[in-house]
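Peer 1: Here the protein sequences line up with chains A and B, keeping their order. Numbered per our numbering, the first sequence finishes at 113, counting up by one with no gaps. Numbered per our numbering, the second sequence finishes at 123, counting up by one with no gaps.
Simulated from the structure, these hints should not be mistaken for lab results. Hints may contain errors.
[What the hints assert, rightly or not] Computed cross-link-like contacts, DSSO-like style, restricted to lysine-lysine with a CA-CA straight-line distance of at most 30 Å:
id : chain 1 : residue 1 : chain 2 : residue 2
1  : B       : Lys42     : A       : Lys113
2  : B       : Lys64     : B       : Lys42
3  : B       : Lys42     : A       : Lys109
4  : B       : Lys83     : B       : Lys64
5  : B       : Lys53     : B       : Lys83
6  : B       : Lys42     : B       : Lys83
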Amino acid sequence: EIVMTQSPATLSVSPGERAILSCRASQSISSRLAWYQQNPGQAPRLLMYGADTRAPGVPARFRGSGSGTEFTLTISSLQSEDFALYYCQQYDDWPRTFGHGTKVEIK
Amino acid sequence: QLVESGGRVVRRGTSLRLSCATSGFTFRDYGMHWVRQCPGKGPEWVSGIDGKGAITGYADSVKGRFIISRDNARNSLYLEMKSLRVEDTAVYYCARDPGSGGMWSVRWFDPWGLGTLVTVSS
Chain A
7 EIVMTQSPAT LSVSPGERAI LSCRASQSIS SRLAWYQQNP GQAPRLLMYG ADTRAPGVPA
67 RFRGSGSGTE FTLTISSLQS EDFALYYCQQ YDDWPRTFGH GTKVEIK
Chain B
2 QLVESGGRVV RRGTSLRLSC ATSGFTFRDY GMHWVRQCPG KGPEWVSGID GKGAITGYAD
62 SVKGRFIISR DNARNSLYLE MKSLRVEDTA VYYCARDPGS GGMWSVRWFD PWGLGTLVTV
122 SS
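Let the sequences and hints guide you as you build the complete structure.
Peer 2: Now the structure itself:
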């Protein structure tokens, strides 16, 4: 199965600053990558698909990029509601697999 | 909206049935899935079913022990779990395939429910 590796595990950022999250696939997945955001006690929320397409309602400060095995989620100016857990997920092959997540915390 | 229920503390080797009640969309038009999250780990796809209930799929870790089903008249999804193991301890989410009524065609999952906690004790 395709292993998804996210880094860093925890990212400490001040409000208003930029956060850069990485996701690496163990083999090429083209652009078949989704990103999710999860706040404590809440359901995971779809942020991005196709590596760089924002889901409806997702603010423009979220930007996804990458293809092949290396992907990045950039949050340009962190707002209070952005401090959360973020997961990547590949849909190139079965089983669909997720990364272990990056926690974005307030510095 | 997706609302899971049925999670609780159970002993190893026993069975449990999870339910997911849905609303706000035409349930039969969408494939549905169960995704779980074990403590401290990333999400793991568990099982999926197409809109008609005819095609199902399972992760190797649960194949032969879990059965997914749906009742389109009740807009509900189910997961029958048997021979539970300690490693099945997780929050179980139901999630929709937003793109189709198939099972194997799912790309991403949207939306997800809030989840229900299953704890398997030894």
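Peer 1: Hint numbers the structure violates, sorted upward?
Peer 2: none
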